[in-house]
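All the letters of the sequence shown, read from the start, carry residue numbers 15 to 245 under our numbering.
Treat the hints as calculated values from the structure; they're not laboratory data.
These figures come from a predicted structure and were not determined experimentally.
Note that beta-carbon positions come from the ideal geometry of N, C-alpha and C, so glycine has one too.
Careful, some of the hints might be misleading.
[Stated by the list, open to error] List time: in silico BS3-like cross-link candidates among lysine-lysine, alpha-carbon distance up to 27 Å:
(1) LYS215 x LYS130
(2) LYS101 x LYS215
(3) LYS215 x LYS162
(4) LYS162 x LYS132
(5) LYS130 x LYS101
(6) LYS132 x LYS214
(7) LYS162 x LYS130
(8) LYS162 x LYS101
(9) LYS130 x LYS214
(10) LYS162 x LYS214
(11) LYS101 x LYS146
(12) LYS215 x LYS146
(13) LYS132 x LYS215
[Unchecked claim] Pairwise CB distance ranges, derived in the manner of DEER restraints:
(14) PRO122 x LYS146: 56 to 62 Å
(15) ALA105 x ALA181: 32 to 38 Å
(16) GLY212 x TRP86: 38 to 44 Å
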Amino acid sequence: MSKTLGVVLVVAALSMMSWAQLPGENPQPVPQYPRAELFGGYSYGYTDLFNSGHRAGLNGWNASVQLNAARWLGFVIDGSGNYGNSKIPVAVPAPFPRCSDNPGYCPPGTDTFDVKTKLYTYLFGVQFPYRKYERWTPFGELLFGRAKMRGEVPGFAEVSSGLGLVAGGGADYNINPRFAVRFKADYLQTRTSFPSFGHKKQDNLRFSVGIVIRTVPHKKRTLEDENPPQN
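Model the full assembly from the supplied sequences, consistent with the hints where possible.
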């Protein structure tokens with residue numbers, strides 16, 4: 015994964031270098047898109063991280079940095095954290111111990127017990143914005159990287175990490191050239207490797223809303239601007 019991340023960073027760096035203008039050359043047209051975008055906001059995860067059959071609602075955050083190489087293409091580094099409780103069946107508690115071995119977290123007379131859950135993702139990939147409308151900018155995205163999960167009950171904790179994959183999209187509501195409000199919904203695939211039940215795949219959903227801060231393109235001053243012709 016580190017080699018792939020290096021390739022993405024090199025491509026992003028080359029894209030940024032291509033925007034720079036060499037001394038003495040004619041000025042190029044100002045790009046009609048932001049060169050960089052910073053997003054941060056609230057995230058809701060609808061997950062089944064322990065393959066229990068009981069989905070959990072996890073609250074948290076989502077943030078990303080995006081470098082745009084064209085009107086329709088941006089390279090993204092994305093991170094998120096989601097927290098809450100997952101329901102695990104008492105009859106099939108794996109990857110957690112049976113209630114008979116540790117009854118402290120199994121309430122009597124119930125079919126499930128709560129597991130304090132944390133999910134982190136570290137992803138990179140591409141976003142495809144459609145910059146045609148003044149107020150709205152819809153986009154699609156495809157990201158991959160790592161997902162780390164932690165489940166904890168009194169006296170016991172399980173930690174696993176594996177592939178994280180996001181495919182989805184959303185739209186930005188443009189307040190002005192610098193600020194926008196972003197709404198997005200993603201399919202989030204995670205994979206775990208808990209020792210008690212091996213490698214498994216989880217299909218989750220992630221919803222995010224927050225603020226986008228963009229760079230604003232400015233026209234470069236030319237020699238004619240600095241020294242206007244005298245009449």
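Looking at the structure, which of the earlier hints fail to hold? Those not satisfied are hints 11 and 12.
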